[in-house]
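Those letters in the sequence shown? Residues 1 to 201, per this note's numbering, in order.
A hint or two may mislead.
Stated by the list, open to error - Straight-line Cα separation of at most 30 Å, DSS-like style, residue types lysine-lysine; simulated pairs: (1) 102 / 11; (2) 22 / 11; (3) 169 / 13; (4) 22 / 201; (5) 94 / 198; (6) 102 / 201; (7) 102 / 200; (8) 22 / 200; (9) 109 / 180; (10) 109 / 94; (11) 13 / 109; (12) 109 / 169; (13) 22 / 198; (14) 13 / 201; (15) 11 / 109; (16) 198 / 102; (17) 180 / 40; (18) 13 / 94; (19) 180 / 11; (20) 40 / 13; (21) 200 / 40; (22) 11 / 201; (23) 94 / 169; (24) 198 / 180; (25) 22 / 102; (26) 169 / 40; (27) 13 / 198; (28) 109 / 200; (29) 169 / 102; (30) 180 / 169; (31) 11 / 94; (32) 180 / 102.
As the list claims (entries may be wrong) - Computed beta-carbon distance windows for the label pairs: (33) 6 / 81: 10 to 20 Å; (34) 39 / 94: 18 to 28 Å; (35) 129 / 105: 16 to 26 Å; (36) 170 / 20: 14 to 24 Å.
Because the hints were derived from the structure by calculation, they are not lab data.
Heads up, the beta-carbon is just placed ideally off N, CA and C, and yes, glycines get one too.
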Amino acid sequence: MNPILQTTINKAKTIPISEERKAILQEFIQYIQQKVDAGKTVNLNFICTHNSRRSQFSQIWAQTAADLNGIEAACFSGGVEVTEFNERAVNSIKRAGFRVTKNGLENPKYFIFHSDDSEPIVAFSKIFDDSANAPTGFAAIMTCSHADENCPFIPGAEARIPVRYEDPKAFDGTPEESEKYDERSLQIASEMFYVFSKIKK
């Protein structure tokens with residue numbers, strides 16, 4: 001693993017999580033635990049409106065946390081509109097220490113690696129029911145209020161769990177842009193590592 005990524009993960013694990021957030025994450029933990037207890041793969045689809053920032057961060061960090069905790073999980077992401085994986089978020093993932101390769105120009109696919117021998121995490125903007133995602137038997141993790149409130153039904157989802165995050169888009173074009181993207185990425189990392197650390201194998 002890239003030493004920068006290891007440092008980022010170590011930092012994420014030290015971030016305090018409030019009791020209020022832990023209560024929100026408990027349903028998420030219970031869903032994963034039930035799947036593990038049943039010997040089934042954990043399928044998670046992180047959903048926000050444009051599938052460009054928060055849902056991508058969540059997919060990447062959840063897959064990384066699952067892999068490093070030895071939990072068999074397949075993490076996806078999607079939205080209600082296709083845009084692209086925002087370059088500001090991509091740059092934040094690179095700063096965190098992930099190895100990233102890019103394929104294509106319009107709505108490119110990014111292949112993200114947390115270690116030399118890991119399978120790539122494939123990230124690009126898509127509708128939540130895109131063929132790249134699990135069609136059934138997954139938990140829909142709603143990472144933004146807009147998608148949560150405007151998608152009352154997610155076909156194929158066996159659970160719907162709101163885990164909302166503030167959008168770093170609010171800081172686009174400001175001097176705080178990079179800092180706020182990294183802050184959001186780190187918050188999501190901290191919560192994903194917390195969730196998977198609670199799973200008993």
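Consistency of the hints with the structure:
no. : hint                  : in the structure
1   : 102 / 11              : holds (27 Å)
2   : 22 / 11               : holds (18 Å)
3   : 169 / 13              : holds (24 Å)
4   : 22 / 201              : holds (20 Å)
5   : 94 / 198              : holds (27 Å)
6   : 102 / 201             : violated (35 Å)
7   : 102 / 200             : violated (36 Å)
8   : 22 / 200              : holds (17 Å)
9   : 109 / 180             : holds (24 Å)
10  : 109 / 94              : holds (15 Å)
11  : 13 / 109              : holds (29 Å)
12  : 109 / 169             : holds (21 Å)
13  : 22 / 198              : holds (11 Å)
14  : 13 / 201              : holds (20 Å)
15  : 11 / 109              : holds (28 Å)
16  : 198 / 102             : violated (33 Å)
17  : 180 / 40              : violated (36 Å)
18  : 13 / 94               : holds (19 Å)
19  : 180 / 11              : holds (16 Å)
20  : 40 / 13               : holds (27 Å)
21  : 200 / 40              : holds (14 Å)
22  : 11 / 201              : holds (25 Å)
23  : 94 / 169              : holds (18 Å)
24  : 198 / 180             : holds (27 Å)
25  : 22 / 102              : violated (35 Å)
26  : 169 / 40              : violated (36 Å)
27  : 13 / 198              : holds (13 Å)
28  : 109 / 200             : violated (33 Å)
29  : 169 / 102             : holds (22 Å)
30  : 180 / 169             : holds (9 Å)
31  : 11 / 94               : holds (16 Å)
32  : 180 / 102             : holds (23 Å)
33  : 6 / 81: 10 to 20 Å    : violated (35 Å)
34  : 39 / 94: 18 to 28 Å   : violated (36 Å)
35  : 129 / 105: 16 to 26 Å : holds (25 Å)
36  : 170 / 20: 14 to 24 Å  : holds (21 Å)
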